[in-house]
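Novice: Chains as they are written, first to last, in the working numbering: chain Y, 892 to 1175; chain D, 9 to 411.
It should be emphasised that the hints constitute simulated quantities derived from the structure, not laboratory data.
The reader is advised that the hints may include incorrect statements.
As the list claims (entries may be wrong) - Cross-link-like lysine-lysine pairs, in silico, DSSO-like; alpha carbons within 27 Å at most:
| # | chain 1 | residue 1 | chain 2 | residue 2 |
| --- | --- | --- | --- | --- |
| 1 | Y | K1150 | Y | K954 |
| 2 | D | K280 | Y | K1113 |
| 3 | D | K372 | Y | K1013 |
Claimed, not checked - Take a look, some chain D residues computed to stay more than 10 Å from chain Y by CB distance:
| # | residue |
| --- | --- |
| 4 | F74 |
| 5 | A380 |
| 6 | S384 |
| 7 | V397 |
To be verified - Covered stretches of chain D (chain Y as the covering partner; in silico rule of three or more C-beta atoms under 8 Å from a C-beta of chain Y):
| # | segment |
| --- | --- |
| 8 | 20–30 |
| 9 | 57–67 |
| 10 | 226–240 |
| 11 | 307–321 |
We put the beta carbon where it would ideally sit given N, CA and C, even for glycine.
Here is what each chain is made of, one letter per residue.
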Amino acid sequence: MAEARFKGTDDYIASPDLQAAVNVAVALERPLLVRGEPGTGKTLLAEAVAEALGMPLITWPVKSTTRAQDGLYVYDTVQRLYDSQFGEGDPADVAKYIRLGQLGESFAAPERVVLVIDEVDKADLEFPNDLLWELDRMSFQIPETGATVSAVQRPVVIITSNAEKELPDAFLRRCVFHYIAFPDHAQMERIVRVHHPGLDERLIQAAMEGFYLLREMDGLQKRPSTSELVDWVQALAVAGVDPAKIVDELPFMGVVLKKQADLDIARRHMSIRARRAAMQEGRG
Amino acid sequence: MFEGLFTALRDEGVPVALDEWLMLHDALDRDLHQSTLSGFYLTARSLLVKDESNYDGFDIAFARYFGGIEPATDAVDDRVWKWLHENPKMLQLTDEQRARLDEMRNDMDLSELLEKLQEKLDKQQEEHHGGSEHIGTGGTSAFGHSGYHPGGIRIGGEGRWKSAIQTAGDRQWRDLRTDTEIGVRDFGVALRRLRHLSTRLDGPATEFDIDDTIKQTAAHAGQLRLSFRRPRRNTVRVLLMLDIGGSMDDHILLLDRLFTAVHQAGHFRDLKVRFFHNCVYDRVYLTPDMQPSRSESTLHLLAQTDPDYKLVMVGDACMAPTELLAPGGAIDYQYMNEEPGAEWLQRVEEHFSHATWLNPHPKKWWESIHGAYTLSIVRRIFPMFELSVNGLDQAVQYLMVRR
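The following block holds chain Y by itself, in its conformation from the complex (with noise of 0.2 Å):
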């Protein structure tokens, strides 16, 4: 087996966790099962695999009504039925109605792939479970015409998943699991940098503690996220507000928190705060 190490990719940076992980999956040839809140990362890295590895990709995007047998196969027989009816094509090769879906399509190739099953939990719930004896064995029957599709190389599978529901346990315990962090202060504060150069830099710090302080809040139904504190950086910067007050007062905090009931939550959180302070101050 070809020891060709993940190590990132120029335009992707991959933390020692991430890379690790990756390796084992591919070495093992277990599906690797990447989950984190969205935006960061987690459909990128699958296309960074595939670039740093130099295998070619294949994309199979779970939606809400994805079936596990989509991703095999499908049998077109409504095309059949028609051909047969105005004597088009050769209805009596049941072959030539069997398109192999993304899995099929990734086990068949003669190369070995990276096949990215993005937004697993989107499907229902039983789909996870419909593709066990599939991805354990890397091959499958169409009954239709008797013949089994087997990978011939066993493609390095890449599960994402935004923990909208629970995975079931058999499906985990088959997987090598990796959770992308959100990024931590340093690394945050350097994408900030990135996008507003030659900020001042108490506004750049003070920013960062109120955006972590909103972040933390207990109940948010949408945690901001990356996008969001480089809009606010850039409206606090473009209102000129006092660094020394956007921690007290979060100021344009609907640039930050999108939804109606999470401003609620923040403002009763920030009430609870102003309220702990006071009492604070009276005993001191």
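Starting from the structure of chain Y, add chain D where the hints point.
Specialist: Below, chain D alone, put in the same frame as chain Y:
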């Protein structure tokens, strides 16, 4: 190799299965960790942990196995547990003695009691049983277990006299999901009515409509016209919240049946199950063993759960009044709830357009039972039904009708 790590992980509540463990050995054979400890750490974590909420438990187990480092302990630490677990003593009281104790019961309020416990934890150096002052077993002190003290804090052991205001730590509760047959079917039949079929307005038409196909094909002089329709699906989503532990121990069998029936029903569009201890506060548990590491914030749960979920609470609603009405009243010691339990119940109820409470105590006892006071308060917040086939039937009707 490294079996100690395996047990350490299981001790920390990280669910590691044998096949995952074998996968790790496979990886080690291939030197995927490149023979370094940090490589081993990352390899092991990616193979053994499947949920980021268990990363912390993994770190603790790993540190303990390789470094012999004990993580910072909580106030009720092993030393205290040792006193309580070794040589526990049961208290034998005559009625006369008990009456005297009831009389001299100290009316410390909750915060005093907690302060006192902290004080004793700081001071007490050895085990102590049968006394009236220290943390121990079989005595009349306010702290410990198997003793008698009206309004004390139970630490471990079983609730013998049903008067402990708070218990701390260590509750092993068996997983509820066993397949008991008797009564399950009856519950299942009642649950079947918890169904609301979609109006076929949304979603793709994927169901083959044979009648319409024949009609259309005939209308087109035998030229095949296929017809599809949207499948009808149950759109009901359910959030089931179960009270676990303490006074609910008496109702295990009943809960077993309900739980099994709900799982067998399997026709809900989504089913979430959460656990709580007597009352809901800031956090709810994901598993019945109620480990803090497997819990989530109640506000987060509400934010992630659409108000059209049908909320079914199951509990006896019998508790000490402080648990429902006082900040800091949660039964778990060291758990500081800033808002009283009743406020949390109210908040949860208001979030959902359909909510109901099932009580395992028969309705005719509700007025007179030990804990009737809190039960009556909970009843004002939630429409309450008894957990029987009839009661469930009524609850289901209530959930389906109210708009």
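Novice: Look at each hint and say if it fits the structure.
Specialist: Outcome of the hint check:
1. Taking the CA atoms of K1150/Y and K954/Y, the gap is near 24 Å; set against the 27 Å cutoff, the hint holds.
2. Between the alpha carbons of K280/D and K1113/Y the distance comes to roughly 20 Å, so the proposed pair stays at or under 27 Å and holds.
3. Taken as a hint, the K372/D and K1013/Y pair is broken in the structure, with Cα atoms around 46 Å apart against an allowance of 27 Å.
4. Distance check for F74/D against chain Y: the nearest CB is about 17 Å away, which clears 10 Å, and the non-interface claim stands.
5. The claim that A380/D is not at the interface with chain Y holds, since no C-beta of that chain comes within 10 Å of its own (minimum 33 Å).
6. Its beta-carbon lying about 29 Å from the closest one in chain Y, S384/D satisfies the requirement of being farther than 10 Å from that chain.
7. Listed as outside the interface, V397/D is consistent with that label: its C-beta sits roughly 28 Å from the nearest C-beta of chain Y, beyond the 10 Å cut-off.
8. Only when three residues or more bring their CB closer than 8 Å to a CB of chain Y does the claim for the segment 20–30 of chain D stand; here the count is 4, and the claim holds.
9. Closer than 8 Å: that is the beta-carbon criterion, and the segment 57–67 of chain D has 5 residues meeting it against chain Y, so the requirement of 3 holds.
10. Under the rule that three or more residues need a Cβ within less than 8 Å of chain Y, the assignment of the segment 226–240 of chain D holds, with 3 such residues.
11. Coverage of the segment 307–321 of chain D by chain Y holds [criterion: at least 3 residues with CB-CB distance below 8 Å; count 5].
The earlier numbered hint that this structure contradicts is number 3, and it is the only one.
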